[in-house]
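Undergrad: Each chain, written out:
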Amino acid sequence: MTVNEMLPLAVIASSLLPGMVIFALPEARVGLRSVLNLLGAMSKLVFVILLLEGVARGEVYGFRHTVLPGLDLVFKADALALLFVTLSTVLWLFTTIYAIGYLEGSPHRSRFFGFFSLCVTATVGLAMAGNLFTFFVFYELLTLSTFPLVVHRGTPQAMRGGTVYLAYTLAGGALLLTGIVWLHGLMGQVDFVHGGSVAALGPQATAQIKVVFLLLIAGVGVKAALVPLHGWLPQAMVAPAPVSALLHAVAVVKAGAFGIVRIVYEVYGVEYAQSLGLLKPLAIAAAVTIVWGSLRALTQDDLKKRLAYSTVSQVSYIALGVALFGPVGTIGGLAHLVHQGIMKITLFFAAGNYAETLGVHKVSELDGAGRRMPLTSAAFTIAAFGMIGVAPTAGYVSKWYLGEGALAAGMDWVVAVLWTSSLLNAAYFLPILYRLWFRPPPAAWPAEHIPARGWRETGWLLLAPPLITAAAVLVTGLFAEAGWSPLAWAKLIAAREYLQ
Amino acid sequence: MLMLAFDGLLVLALLWSAWRCLASTDLSRAVVMFIVFGLLMALAWARLDAPDIALAEAAIGAGLTGALLLDALGALRSRREGRDAPRETP
Amino acid sequence: MNRFTRGLAVAVGVALAATLVAALLELPAAAVYLPGAVAQHLAQSGVEHPVTAVLLNFRGWDTLLEVAVLLLALLTLLTLRGSEAPVAEVEAEPLLQGLARKALPLIILMAGYLFWAGAYRPGGAFQAGAVLAAGAVLLHLAGLLPAWAVPGRLLRLGLILGFLVFLAVAAGLLGQGALLQYPPALAGNLILLIEAGLTLSLGLVLAGLFLFVTGRQA
Amino acid sequence: MTEAWLEPAAWLIILPLAWASVAFLAGPGRGARLAILALVAQLGLALELAADLTQRGARMHAVGGWGAPLGIDLMADGLSAVMLLLTQAVALPIAVYAQAYFAETHHRHAATWFWPLAGFLLAAMNALFLSADLFNLYVTLELLGLAAVGLVAVGGGTAQITAALRYLLVSLLASGGYLLGVALLYGAYGTVSMTTLAPLAVGQTPLAVWIAAGLMLVGLLAKTALLPFHFWLPPAHGGAPAPVSALLSALVVKASFYLVLRLALGPFAMMTGTAAGLIGVLGASAILWGAWQALRAQRLKQLVAWSTVAQLGYLFLIFPLLAADGLALQAGALQVVAHGLAKAALFAAAGVLMRATGRDTVEGLAGVAGRVPLTLFAFGLAGVSIMGLPPSAGFLAKWLLIDAALKQGQWGWIVVIIVGSLLAAGYIFRVLRQAFLLAPEDSHFQPVPRRLEWVAFVLAAASVLLGLRGAELVALLGVGS
Amino acid sequence: MSTGLLYALSGVGLFMLGAVGVIVLAHLMRKVLAFNVMGSGAFLVLVGLAQRTGQPDPVPQAMVLTGIVVAVAATALALGLARALHARTGGVTLTQGEDGD
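Chains as they are written, first to last, in the numbering used here: chain A, 14 to 513; chain B, 48 to 137; chain C, 2 to 219; chain D, 2 to 482; chain E, 120 to 220.
Do not rely on the hints blindly, as some may be mistaken.
[What the hints assert, rightly or not] Just so you have them, the derived chain C footprint on chain E, three or more residues with Cβ under 8 Å:
# : stretch
1 : 147-161
2 : 198-211
[Unchecked claim] Pair by pair, the computed Cβ-Cβ distance ranges are:
# : chain 1 : residue 1 : chain 2 : residue 2 : range
3 : D       : F232      : A       : Q202      : 23 to 29 Å
4 : C       : G113      : E       : T214      : 44 to 50 Å
5 : A       : G215      : D       : Q411      : 20 to 26 Å
6 : A       : N17       : D       : T55       : 38 to 44 Å
[Stated by the list, open to error] Facing chain D, according to a computed beta carbon distance under 10 Å, are these residues of chain A, among others:
#  : residue
7  : F149
8  : F160
9  : A212
10 : G423
I should point out that these hints are in silico values taken from the structure, not numbers from a laboratory. On a predicted model such as this, the values are computed, not experimentally measured, just so you know. Glycine included, every Cβ here is placed at the ideal spot set by N, Cα and C.
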C-alpha cells in the first residue's frame, strides 16, 4: 500500500480509532477521553494539511477495496473532497473543545464522544467517497451515528425528535439506495469522475436516467433539508448544542448538500444534467427552500428552532449554486458550503452558551444578554451579519458569487430570490440583535448556571470556540481573494470541473 | 391368487385398524388398536420379504412403542395438576 | 383448529392420496437397480446377510447417526425429568414376577441369538437391543426393576458405549481412505464388535426411554 | 494415507459427536470447557476445508469407500463450506457465552444436558451440510430436529415445553413428508444419491417425482418456518434460554433452507416458474408479516424471534431470481451468513438486556443504555446488518438481491426488500429508543458478566465487518458450482 | 398388480390418514398415534415401491429399520414432552396461540 493510498485511510482512522477506544472507556476517565478526542482531531488536521498540500501540487490520493465482484469501496481525496474534509476537520476540533466544556459533569459522555467521533468519521468518509456506493455507505453510517447524539438526553422530546430524524433519513437512504442500484444496473459501477459518466448511456435511457436523478436528489435532499424533505431538522434541535452544531454545520446537512454537488458534477456531469433539463427544477426547489425556510424562521420564538429554519434556507444556497449552470455559480455554492458552516456553527455555539450559562432558550428571553455576555453576543452578531450577507463577512462573498452566477446563467429571477432571502434574514436576525444589545436585561435570568468572573462571562471552553469561528467569518470574508481562502479553493475546483 | 387375496385382506385390515386407532373415541381402545396395527404391520413386512423389519416392528413398533403408549396413557389420565411451578427462563 | 382448516386438511389429504395412487400406478421402472450392487459387493462386506451389510457397511453412516437420534431422545427426556427421584414405585405382582423370572433367561438367550444371527440371517443389534429393552420393561412391570433416576457413571457408560465404539471404528478407519471404510479382512470382526456394543447400549437406551420416564409425572 | 486421516470434512462431524458423547459421559452440567476447545478445533477445520476447496475444487468423500449409489457420499463444495464456516463461527462464541450464562444458579437446571444436546445439534448440522444422500439427509434432519426440540425444552417451563412440543410435531410432520418424498424418489429411480439422481430427474419427469418434490420442499419449508408455517418459531425461539435461541435462530433454520436450496439447484432443478414464484411470494409475505409482528411484540425475545421470521423471508426471494449469473445464490448465501451472525448477536444481547433489567419486555428496557452500553452497541451493530444498512454483510445480501431483481426486471421484489428494511429499522430502533430513555426512578439493574457482553459484541461486529470481505465469500461460494 | 405395489398403495393411504390425523386430532396421544401410522405408511411406500418388481431390495429394508428406530425415539420424546406438559398444566392438548405475541 502506498502513501497515497494510506493517507485518505489515515484521515478516516484518526477519528474512528479514538472513537472505538472512547466507547470502551469508563465514564470517569475524563482526562484520557479529552486527550484522545483532541489527539484524534489534531492528527486528522495534520493529515488533512498533508493532503491539501499534495492536492494543490497535483498529487492523486485514492484507495480501492473490492467488496463484491463489481462493487468497490473507493476513496479519493480530490480538491472537492478536501473542501468538505477540511471544513469538517477544523470545525470538529472546535466542536470537540466546545463539547468537552458543554457536557462537563453530565452522564454518558463516553457514549457521546464515541458517537461524536463516528459521526465525523462518517463525514470525512462521505467526503472522500470515490463512487456512489461508498458515498451511500457513509451516508447511512452518518445517520446511524447521529441518532444516539440526537436522543442523547433521553427525554421524551429528544426521543420524538430522534424518531422523526430517523424516519426521514432512513426513508431518504432507501430512495438513494434505489437510485444507486438502478444506476448500477444500467451502467455498472458509478465512480465519481469529472464531467460525469452517465452521458455515455446514450439517449435511449434518458427517461430512466431522469427518474434516477430524482431518486438520488430526493435521497440526499432529505439530509440537505430541501423543502418538503426538511421536516426533521427543526425537530432535531432538541439535541445538545454541540450536536446541533454538528448537524447544521459540520456534518449532516452538509453531507446532503455535498451529495447534490457530487451527483450533479461527477455522476451526471453538469453539462449533461443541463441538457436533460434537470438543473432548472433543482434551482426552483432550492429557491423555494430558501424562501420558505426564511419565512418559517421569522415566527420562531425558540432560538435554536429559528436557527434551524435558517439552516434550511441557507443550505439551499449550495444547491442553488450547483443548479446555476456555470462556473461562477459553482464557486459561490462551494464557497458557501464552507461559509455557511463557520457562520452557523458560531450561531449555535452562541445559542448553546446562552442556554448553558443563563438558561435562555427563547428569543424573547434574550433581552440584554449582550451586556451580560458581550463576547458571545459579539460572535453571534458577526455571524448573523454574515447570514444576512453584509460586507465584509464570508456570507457576503458567497452571495455575491451566487448573484453573479445567476446573471451569467441568465436566471435573473434568482437574484430576486437572493434579495428576498437577505431581507428575510435581516428580518429574523436583526430583532435578536436588537434585543441583545439595546434592551435592558431582566432582573434575573431563567436559570443562571455559570456565574460571570470578570471578563469571563462563561466557561472558557465554551467561550473560545465561538470567538475563533466568528473571527474566521470575518477573515474569510476580508481575505477572500487570498490564495488559501475557501473561495480560492472553490475556484480551483470549479476550474477543474469546467476544464473540459 | 390365494396370496393376493390374503394381501388384499391384510391391506384392508391395516387400513381399518389404523382408522379405528385414530377415530376411536376411547383412548385406551385406540392404543390397543395401535398395537394390533403394529402386529399387522409385522405381518405385512413378512409378506414383503422383509423379516428383519418384521422382527423390529414386532419388538419395537408394537412392543416397545405399545409399552410407552400404555405407560403414558396412565400418566396422562391421572389428575394431578400443576405440580411444578413453571420454571421461567428469562 | 376450526372446522374450515380441518376440512381443508382432510380434503387436501384425500386429493393428494388419490393423485399419488394414480402416479404410482403409472410409475415406470427404476433406472438404477441397487440389489444387484448389494449382491455383487456382499462378499466384501464382512457379513452374509444383505440387510445387515447395508445397515452396517454400505450405509453404516445412516446407522451411526440414527443411534445418535436415539441418544438425543434420551437426553431430552433426562432434561425434562430434572434431578428428582421417581415418584411412584410399581407394586410387586407375584404372578407377573414369577413369569418374569422365568422369562428373563429366555429373553437374554433370544437377544444373544438375534445379535449373533444378524451376520447370517434376519436379526441384528436393533432387534436384539429391542428384546433386551422389552425384558427390562417386563421386569419393571413385575416390580423387579425400579424406574431409573439420574443415571450414574456406570449407566451412562453403558448407554453411550455402543455409540462410542461405533464412532471410534468409523473415525479409526479414516486411515483406510474414508470413514467406515472397513478393510475386507477385518470387516466381519469390526462389524461384530460394533453390533455387540450396540446390542448392549441400544438395549439400555430403549429401556431408558421407558424407565427414565415411567412412574413420574414429568 | 496421512492425507485421508486429516480429512477436515469427516472430522467436522466426528468431533462434535465425540465431544457430545464425552460430555454426556462426564455427567450433568459438565462439558463446557471441552466443547469450547473442540469448537476452536472445528472452526480451524472449517477454515482449512474452505482453503482446501478454494485451491483444489469441490470434492467427494465416499463413506465406507463404496461410493454412490451403493454407499453414501459426503460432498464438500463452496456452498457447504460457507454453511460449515458460519456454523462453527457462530457456535464457538455462543458456547463461550453459554458457559457464563449457565454458570448462574437459576439457569443450572437448563444446563444439565445442554452440552451434549448442543454437540449433537452441531454434528447434525455439519453432517447435513456435507451429505449428498437424500436418505442420509433425512436422518440428519431428524437428528437436528430432535436436538433442537431438546434444546427448546431445556428451560423446563410450561411455555418452553409447549413450544417444544409444537416444534416437535411440526418437525415430525415435515420430516414425514420428506421421507415419503424420498420413498417415492427411490421407487422412481432406484437411488437416493443426489449426484446420481440429478441427471435422471431432467427430461421426462413422472408425476410421482413432482409429488415427491412437493412433499419434500413443503416439509423443508415448514422446518424453515416460511409463512404460513412460521407459527411454531416465535414461541420456540423466543422462549428458549438465550444461547439456545441464538443457535436455533442463527443456524438451525438455515439448515433446512440450505437443503431447499440444494434440492432446487440439484435434483429438483425442474421446479421453476410458478413454484419458484409462489415460494418468492411466501417469502415476501413473511418479510412483511414478520416485521409487522416484531414491531408489535411486547417481549424482547419475541421481537427478535419475529425478526427471524421476517429475515428468513429474504432467503426465499432468491428462488424466483435464481439464474445463471449466480447473483441470487450469492445473495442467499450472504443473507444466511449475515443473518446468522447478526441474529446470534441479537439473541446474545437480548439475554444480557433481560438479565440486566430482570424482565423480558421491550418496555422494561428504559435506561438500560447507560448500564450495558457495550451490549446496546452490539444490538445496534447487529441491527445494522438486519436492517441491511452498509457496510454490513446484510446490506451486501440485499444489494445483490435488488441487483438480481433489476437484471430480470422483477420490480415487485425490490419494493418488498426496501419496505422490509424500513420495517426492520422500525423494530430495531424501537428497542434502541427505549434503551436510550432515562431510567425510571424505581428501576434496578443487575450486574451482568462482561463475557456475555463481549460475545454479543464480537458476533455483531463480525456481521458488519464481513460486509467488507464479501468478495472472498462469493469466491468461496463459487467453488464447485 | 404386484404385492409390492399393493402395499405401497396402502402405504399412501396410511400416510395420508396419519398426516391428516396429526394435523386434525387435538389430543397429544392421538397425534403421536397418528404420527406412527404416518411413518408406517411412508415405510410401506419405501419398501413396497422398490419391490414392485417382486425382488426383495435390502437397501430400503435397511432404511426402514433405521426409520423405525428414529420413529420410536421421536415417539418417546413426544410422549415425554406431553407428560411434562400434563404435569405442569393438567392439559393434554396444545391450545392455540397461548404464547403468541
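Undergrad: Return the status of the interface hint for F160/A: holds when the least beta-carbon distance to chain D is below 10 Å, violated otherwise.
TA: With a closest approach of 8 Å, the F160/A hint holds.
Undergrad: Could you say whether the range 44 to 50 Å given as a hint is met by the Cβ separation of G113/C and T214/E?
TA: holds (48 Å)
Undergrad: Mind checking, does the stretch 147-161 of chain E have 3 or more residues with a CB under 8 Å from chain C?
TA: violated (count 0)
Undergrad: Under the criterion of a CB-CB separation shorter than 10 Å, is A212/A in contact with chain D as hinted?
TA: violated (21 Å)
Undergrad: For the stretch 198-211 of chain E, do at least 3 residues have a Cβ located nearer than 8 Å to some Cβ of chain C?
TA: Per the Cβ count (8), the hint holds.
Undergrad: Does the closest beta carbon of chain D sit nearer than 10 Å to the beta carbon of G423/A?
TA: violated (39 Å)
Undergrad: For the hint 23 to 29 Å, verify it against the beta carbon of F232/D and that of Q202/A.
TA: Roughly 43 Å apart at Cβ, these two residues miss the hinted range, so it is violated.
Undergrad: Taking 20 to 26 Å as the hint, is the beta-carbon distance of G215/A and Q411/D inside that range?
TA: Since the Cβ atoms of G215/A and Q411/D sit about 25 Å apart, the hinted range of 20 to 26 Å holds.
Undergrad: Do N17/A and T55/D keep their Cβ atoms within the hinted range of 38 to 44 Å?
TA: violated (31 Å)
Undergrad: Can the hint on F149/A be confirmed by a CB-to-CB distance to chain D that is less than 10 Å?
TA: holds (6 Å)
Comparing the model with each earlier hint shows violations of hints 1, 3, 6, 9, 10; every other hint is respected.
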